[in-house]
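Enquirer: Chain by chain, the residues run as shown.
There are 2 protein chains.
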Amino acid sequence: MIENVVIIGAGNLATQLALALVEEGIRVKQVYSRSVESARVLAEKVNASFTNDLSQLLPEADLYVIAVKDSAIQEVLENLSLNENQLIVHTAGSVPMNILEGFTQNYGVFYPLQTFSKSRKVDFSDIPVCIEANHPSSLLKLEKLGKRISSTVNQINSDERKTLHLAAVFTNNFVNHFYAIGAEILQVKKLDFDLLKPLIRETAAKIENIHPLEAQTGPAKRNDKAMIGQHLKMLQDKPEYQKIYSFVTESIFQVHQK
Amino acid sequence: MIENVVIIGAGNLATQLALALVEEGIRVKQVYSRSVESARVLAEKVNASFTNDLSQLLPEADLYVIAVKDSAIQEVLENLSLNENQLIVHTAGSVPMNILEGFTQNYGVFYPLQTFSKSRKVDFSDIPVCIEANHPSSLLKLEKLGKRISSTVNQINSDERKTLHLAAVFTNNFVNHFYAIGAEILQVKKLDFDLLKPLIRETAAKIENIHPLEAQTGPAKRNDKAMIGQHLKMLQDKPEYQKIYSFVTESIFQVHQK
Numbered sequence: 450m451i452e453n454v455v456i457i458g459a460g461n462l463a464t465q466l467a468l469a470l471v472e473e474g475i476r477v478k479q480v481y482s483r484s485v486e487s488a489r490v491l492a493e494k495v496n497a498s499f500t501n502d503l504s505q506l507l508p509e510a511d512l513y514v515i516a517v518k519d520s521a522i523q524e525v526l527e528n529l530s531l532n533e534n535q536l537i538v539h540t541a542g543s544v545p546m547n548i549l550e551g552f553t554q555n556y557g558v559f560y561p562l563q564t565f566s567k568s569r570k571v572d573f574s575d576i577p578v579c580i581e582a583n584h585p586s587s588l589l590k591l592e593k594l595g596k597r598i599s600s601t602v603n604q605i606n607s608d609e610r611k612t613l614h615l616a617a618v619f620t621n622n623f624v625n626h627f628y629a630i631g632a633e634i635l636q637v638k639k640l641d642f643d644l645l646k647p648l649i650r651e652t653a654a655k656i657e658n659i660h661p662l663e664a665q666t667g668p669a670k671r672n673d674k675a676m677i678g679q680h681l682k683m684l685q686d687k688p689e690y691q692k693i694y695s696f697v698t699e700s701i702f703q704v705h706q707k
Numbered sequence: 450m451i452e453n454v455v456i457i458g459a460g461n462l463a464t465q466l467a468l469a470l471v472e473e474g475i476r477v478k479q480v481y482s483r484s485v486e487s488a489r490v491l492a493e494k495v496n497a498s499f500t501n502d503l504s505q506l507l508p509e510a511d512l513y514v515i516a517v518k519d520s521a522i523q524e525v526l527e528n529l530s531l532n533e534n535q536l537i538v539h540t541a542g543s544v545p546m547n548i549l550e551g552f553t554q555n556y557g558v559f560y561p562l563q564t565f566s567k568s569r570k571v572d573f574s575d576i577p578v579c580i581e582a583n584h585p586s587s588l589l590k591l592e593k594l595g596k597r598i599s600s601t602v603n604q605i606n607s608d609e610r611k612t613l614h615l616a617a618v619f620t621n622n623f624v625n626h627f628y629a630i631g632a633e634i635l636q637v638k639k640l641d642f643d644l645l646k647p648l649i650r651e652t653a654a655k656i657e658n659i660h661p662l663e664a665q666t667g668p669a670k671r672n673d674k675a676m677i678g679q680h681l682k683m684l685q686d687k688p689e690y691q692k693i694y695s696f697v698t699e700s701i702f703q704v705h706q707k
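Sequence lines, in order, name chains A and B.
With this note's numbering, letter number 26 in the first sequence gets 475, and the count goes up by one each step, no holes.
With this note's numbering, letter number 248 in the second sequence gets 697, and the count goes up by one each step, no holes.
The shape of chain A in the complex, shown without the other chains (with noise of 0.2 Å):
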């Protein structure tokens, strides 16, 4: 059973997951960040001790969580010095589980599916949390400590995990960037932002329960070609939003004409 962790990194990822954990009970003895500053922030959120130095990581704890950016994650490995036995996981969408092979015996991916702030405080219950594990006693702990912290936990191998990676990547980045494009448009005619969040809220409650492809509605679909052709005149000062507008515009158009 997990019953400790010790967490490598201290971002907003690594905050909220550790916030979790300790909400169920299970302890984080150290933080770890390459900045001493946001170790110490982490790890008196979570009343644990703090390090800089990857050769300071305590030795016994029951798992190793890296939550550092996918491009940190090497670094961090080839700086472990660690019992060979030790269980240690990555929490990364599109990095493979073997990674993490021929630093340690024991390893896996614990990955939540979700976007994280350090500030804004998520609810870990309904978050997905994707695990994979090289040894099946691995795996079992990893779906345990998941169920501790969420109600969903899949087994995801690797090569699914980066398939929803990159479905992810269209459903919030995406997403969050054109209600980014929807602020400006808004901002450069001094309308409030606010008008549109009614929408936003209903846009996402609607496929709740509605497919996507049945929930699209707009210009596109039903192929309007003089507002579509308003729109992108009202863009003209924006060449790189005119250029989005057709594309998505065009996709929309295509899926919805077969």
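Source of the hints: derived by calculation from the structure; they are not laboratory data.
Careful: at least some of the hints might be erroneous.
Same chains, same names: a pair is fine if it fits in one copy or spans any two.
[Unchecked claim] Below, simulated SDA-like cross-link-like pairs (lysine to any residue); rule was C-alpha separation at most 25 Å, straight line:
1. Lys567 - Lys646
2. Lys570 - Lys646
3. Lys596 - Gln505
4. Lys570 - Val485
5. Lys567 - Val704
6. Lys567 - Asp673
With chain A held as given, fit chain B onto it using these hints.
Expert: Just chain B now, kept in the frame of chain A:
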């Protein structure tokens, strides 16, 4: 005071608006639709008479609401035979108010900024209603009517309304299409779209309090070229999604580089 209305149209918006009006004690006297069957279905829901003949509209209603698709508004107007003092509004985001000029002395716009489906009941109290009228007395009437069904009624001119509608296309139509792309990406690998729903909920919920520029995360913002390259490769069988991925990624990068 507007106590009763005739609804011209029986689509998604007409249906939800009629239901909301009736719920607040405003009488829907009659429903018109080009399809007599559609007119009948909505009329039965709101206990109104119905017709598919514009010359048969009841001559005495406090308000005539044109809630047909944009491209049909002109045709409806040309076939109306009402007293020229009757108050008529349309409900379209991108159609200027003055399309009604010449058909009646009293006209305006009553635009609820939301996405509607016939089958999904919406809470109108949350929806911004954007109003405009050619006379102050009509504007006041529309404001009072708006406030009976919604907590947010704003006077928005035709130009501003067009801007709102363009922003809504990004934040609703395009966003919903990205949900559909996410679903399609998962489906190819037989992964459940439900896995993405908590992320979609949180993405929308986040910007209630955090500006979307601040809420942005992901490989595009970080300019994570390795992950972007990997994603583009995964989309190689879908060149149109590849193109969208590239342009939106570039746009996010540009915005956040500033």
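Enquirer: Given a CA cutoff of 25 Å, do Lys567 and Lys646 count as a within-copy pair, a between-copy pair, both, or neither?
Expert: both (22 Å within a copy, 21 Å between copies)
Enquirer: Is it within a copy, between copies, both, or neither that the alpha carbon of Lys567 lies no farther than 25 Å from that of Val704?
Expert: between (37 Å within a copy, 22 Å between copies)
Enquirer: Within a copy, between copies, both or neither: where do Lys567 and Asp673 come within 25 Å Cα-Cα?
Expert: Cα proximity of Lys567 and Asp673: across copies only (21 Å, versus 42 Å in one copy).
Enquirer: Up to 25 Å between alpha-carbons, please classify Lys596 paired with Gln505: within, between, both or neither.
Expert: neither (30 Å within a copy, 63 Å between copies)
Enquirer: Should Lys570 paired with Val485 be assigned to within, between, both, or neither, using CA atoms and 25 Å as the limit?
Expert: Answer is within: at 23 Å inside a copy they meet the 25 Å cutoff, but 52 Å across does not.
Enquirer: Up to 25 Å between alpha-carbons, please classify Lys570 paired with Lys646: within, between, both or neither.
Expert: both (20 Å within a copy, 18 Å between copies)
Figure legend: structure checked against the earlier numbered hints; the only hint not met is number 3.
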